[in-house]
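> If you read the protein sequences in the order shown, they are chains A and B. Residue numbers for the first sequence, in UniProt numbering: 1 to 144. Residue numbers for the second sequence, in UniProt numbering: 1 to 180.
Be aware that a few hints might be false.
[Stated by the list, open to error] Which residues of chain A face chain B? A few of them, derived with a C-beta cut under 7 Å, are:
{"id": "1", "residue": "Ser54"}
{"id": "2", "residue": "Ser58"}
{"id": "3", "residue": "Ile115"}
{"id": "4", "residue": "Ala118"}
[Stated by the list, open to error] Simulated crosslink set (PhoX-like; lysine-lysine; CA at most 20 Å straight-line):
{"id": "5", "chain 1": "B", "residue 1": "Lys110", "chain 2": "A", "residue 2": "Lys60"}
{"id": "6", "chain 1": "B", "residue 1": "Lys110", "chain 2": "B", "residue 2": "Lys161"}
{"id": "7", "chain 1": "A", "residue 1": "Lys60", "chain 2": "B", "residue 2": "Lys104"}
{"id": "8", "chain 1": "B", "residue 1": "Lys127", "chain 2": "B", "residue 2": "Lys110"}
{"id": "9", "chain 1": "B", "residue 1": "Lys136", "chain 2": "B", "residue 2": "Lys110"}
{"id": "10", "chain 1": "B", "residue 1": "Lys110", "chain 2": "B", "residue 2": "Lys135"}
{"id": "11", "chain 1": "A", "residue 1": "Lys101", "chain 2": "B", "residue 2": "Lys104"}
No wet-lab data here; the hints were simulated from the structure. Here the structure is a predicted model, which means the values were calculated and not measured. The C-beta atom is built at its ideal place from N, Cα and C for all residues, glycine as well.
Given next are the chains, with one letter for each unit.
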Amino acid sequence: LRKNVEDFTGPRERSDLGFVTFDITADILNGKHFGIRTLFIFDWNVKQLFLYLSAEYSTKNNALNQVVLWDKIMLRGDNPRLSLKDMKSKYFFFDDGNGLKGNRNITLTLSWNVIPNAGILPLVTGSGHVSVPFPDTYETTKSY
Amino acid sequence: GIAMDLFGDLRRMNKRQLYYQVLNFAMIVSSALMIWKGLIVVTGSESPIVVVLSGSMEPAFHRGDLLFLTNFHDDPIRAGEIVVFKVEGRDIPIVHRVIKVHEKGNGNIKFLTKGDNNEVDDRGLYKEGQNWLEKKDVVGRARGFLPYVGMVTIIMNDYPKFKYALLAVMGAYVLLKRES
Numbered sequence: 001l002r003k004n005v006e007d008f009t010g011p012r013e014r015s016d017l018g019f020v021t022f023d024i025t026a027d028i029l030n031g032k033h034f035g036i037r038t039l040f041i042f043d044w045n046v047k048q049l050f051l052y053l054s055a056e057y058s059t060k061n062n063a064l065n066q067v068v069l070w071d072k073i074m075l076r077g078d079n080p081r082l083s084l085k086d087m088k089s090k091y092f093f094f095d096d097g098n099g100l101k102g103n104r105n106i107t108l109t110l111s112w113n114v115i116p117n118a119g120i121l122p123l124v125t126g127s128g129h130v131s132v133p134f135p136d137t138y139e140t141t142k143s144y
Numbered sequence: 001g002i003a004m005d006l007f008g009d010l011r012r013m014n015k016r017q018l019y020y021q022v023l024n025f026a027m028i029v030s031s032a033l034m035i036w037k038g039l040i041v042v043t044g045s046e047s048p049i050v051v052v053l054s055g056s057m058e059p060a061f062h063r064g065d066l067l068f069l070t071n072f073h074d075d076p077i078r079a080g081e082i083v084v085f086k087v088e089g090r091d092i093p094i095v096h097r098v099i100k101v102h103e104k105g106n107g108n109i110k111f112l113t114k115g116d117n118n119e120v121d122d123r124g125l126y127k128e129g130q131n132w133l134e135k136k137d138v139v140g141r142a143r144g145f146l147p148y149v150g151m152v153t154i155i156m157n158d159y160p161k162f163k164y165a166l167l168a169v170m171g172a173y174v175l176l177k178r179e180s
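Make a model of the complete structure from these sequences and hints.
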């Protein structure tokens, strides 16, 4: 699981808005991070996976922040290998306050919710995460 | 004479049998209520089993699916979780996913939700002027699910005649059932 990211922030009157572009290369079927069910994530009882990329970070205002930037539904039978390049975040990355400016430690992780045909709904976090630093200044002219 | 005595006996026995059946029925109802209360205590949720009412979480959940919830006080609310919440002042529970979390050091959490199948987040569903949900709005977190099973309650809600018919049949069965 590997992600490459570029970033720049946009100015907002009250809250920081971050822009992140990313690549995702993931092989869901053969993940080594599952422990027991390594090769059979898509077994007979899995209807779909709800994948999401979330950014987690700390700010002065809030000890913990999590923002989902992108999500995708992967049905059983879909291609389990993801190779997405230069993706823009699906949802606006607003902070609750101005905690993105100069924040060096934003962690992006890919997780998924297993939706079975019937039974338990586990939430799994992929191993491998990427740290993204935001710059100290706001961008004023870049168009997104 | 003897006939009157026998007839008296018969009438008395039937009354006793009737009381017995009624008590049996009351016991079944009490046990069911106790199990439900027990579930509420064990899961920490005021409504540990809910029926999905809309298609806003498709294709994961469809109308009529059954969800099993827990609501432990120490369970943190994290992005990606499926929560069932009630908007202040409204009775209808909504099942959506958490997409934003902001938690302060003292444990104060505010979060935003969105249905998988919806284009926009739930801000339009919240109360006027409300931008975030808090822990107190949460009925529970979805931990398990069964498809289709909840359809019965939806049918009973939409067609009250069906509900009364079902109750009548159940009542008749319990009262008339003979133990051999």
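> So which hints don't hold here, by number, going up?
2, 6
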